[in-house]
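Those protein sequence lines, which keep their order, are chains A and B.
Counting along the first sequence from 1, when you hit position 175 you're at 175 in this note's numbering, and nothing is skipped either side.
Heads up, this note's numbering is the position in the second sequence plus 1000, with the first residue counted as 1.
To be clear, the hints were calculated from the coordinates, so they are not data collected in a lab.
All residues carry an ideal CB built from backbone N, CA and C; glycine is no exception.
Hints may be right or wrong, so weigh each one.
Stated by the list, open to error - Simulated restraints, written as ranges between beta carbons of each label pair:
1) B:Asp1043 with A:Cys140: 55 to 65 Å
2) A:Cys140 with B:Arg1116: 51 to 61 Å
3) A:Asp35 with B:Asp1043: 50 to 60 Å
4) A:Asp84 with B:Asp1110: 23 to 33 Å
5) B:Ala1225 with A:Asp35: 50 to 60 Å
6) A:Gln126 with B:Ala1066: 27 to 37 Å
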Amino acid sequence: MSAVSVQALARQIAAEVADPELPMLTLEDLGVLRDVELTADGTVIASLTPTYSGCPAMAEMRADVDARLRDAGFEHVEIRTVLDPPWTTAWITPDGRRKLAEHGIAPPTTTAHAGAPASAGPVLLQLSPTRRAPLPCPRCGSPETEETSRFSATACRALWRCRSCLEPFEHVKEI
Amino acid sequence: MTDDHVYLALAEEHEGTDARWAFGTGFEDPLHGVDTDVPAGVDTVELAAACTALGDDALVSAQRLAEWCTNAPELEDEVALANIGLDLLGQARLLYTRAGQVDGTGRGEDDFAYLREASEFRNLRLAELPNGDFAFSVARLLVFSTWRLALFTQLAASSPDPVLSAIAAKAVKETTYHLRYAADWTVRLGDGTELSARKMGAAMEQVAVFLDEVCEAGAKSAVDAVALREAVIAQLRHVCDVATLVYPAPGQDPLRGRDGQHTEYLAPLIEELQSLARALPGAVW
């Protein structure tokens, strides 16, 4: 195989690794796989970016990508952490959003895009009675939903409920 | 290997390579593989001190937030407070790792968290105070997140160290959620019943004693101290206005956690935090 197709194979293997907490998503869907390189001496360098600073799944993601690549026959594997630019929910791919919705998790409403999101960061948090537009319920599609908690079982999710079908659901919150 | 279970994948042995278990290997290094060079001209002593102090703020705050588990008013709030603590713990890990890289000692995150005496911590005094009632914890989180968001917004834009800048940029996004949580509760309690308003107002007065300490901290390392203080005050005033609370006059606590001047509450907190690591040196869990 040529170097290009070997690199493409390594990329494909790394891209198909499932997220430990949201297993319907691959690391590529989630947008945490930044790059897969093949060096001249045959080392595969996979670059991952953490979602949240404290996300406990990060070590597992690194170990899993490493193990899958070795299992596929790559002898020299290096996993690198990339912090800049920081991950945001804008890195979740359109495919990833579709899969989340199919599994009853409301995807983030920020638009997906391939490049680095540029955000200066809010300086003054404005409090006002007007809240965000409600999310459509991922089960019945009703817009009659409400947030019950901005925090949930993992750092990246919030708790919502639907007032029409009365089901609770999770939402990958915008960050 | 065909097994999809990640723990089996982790335990898989790879002959002739480094151990691949997640604990006790390079995998526990949260900055694993990050370019660790320090740019020329950066004062490494100052940078290490800044990273350590910001890490101490985060670790001590995370420990206090964890104490709310099984004690918060609602299950959702336990989850929220634990999540906020987890974010801060993650920030502490990154900051300690960076401190150990630049201070020349080669210390890792565990050395900073578990093997220093309480007197060596440089966290804000505000962070170490006992949780008090829920209003006090909310008021403290409001002040702490407001300051940390303003500081990290500056560091993300202007820290001469690209690693600290990247850690800060990540933390900005998380801290925005922390601030919103604290601000929402401040409004709910401040603009709530007569009792909740009284408790929230009293809590704001208690934390205001430490406002000067908070605003001064982080004034080194390419931070505009005047802009930082203005941003903090403007945010707190806005939240107090919406919460129908009187903006408290800043208090006069003259002591500084950044100089190692701590309250009597820090040592027992650190003792509990370090108990396992001290009892079983080198233990992995």
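Evaluated hints:
Between aspartate 1043 (chain B) and cysteine 140 (chain A), the C-beta spacing of about 59 Å keeps the proposed range 55 to 65 Å intact. Between cysteine 140 (chain A) and arginine 1116 (chain B) the C-beta distance comes to about 54 Å, which sits within the given range of 51 to 61 Å. Separation of aspartate 35 (chain A) from aspartate 1043 (chain B) is about 32 Å and departs from the stated range, judged on CB atoms against 50 to 60 Å. At roughly 25 Å, the beta carbons of aspartate 84 (chain A) and aspartate 1110 (chain B) sit within the given window of 23 to 33 Å.
Taking 50 to 60 Å as the suggested C-beta distance range, the pair alanine 1225 (chain B) and aspartate 35 (chain A) does not conform, at roughly 38 Å. Between glutamine 126 (chain A) and alanine 1066 (chain B) the CB atoms are about 30 Å apart, so this pair conforms to the stated range of 27 to 37 Å.
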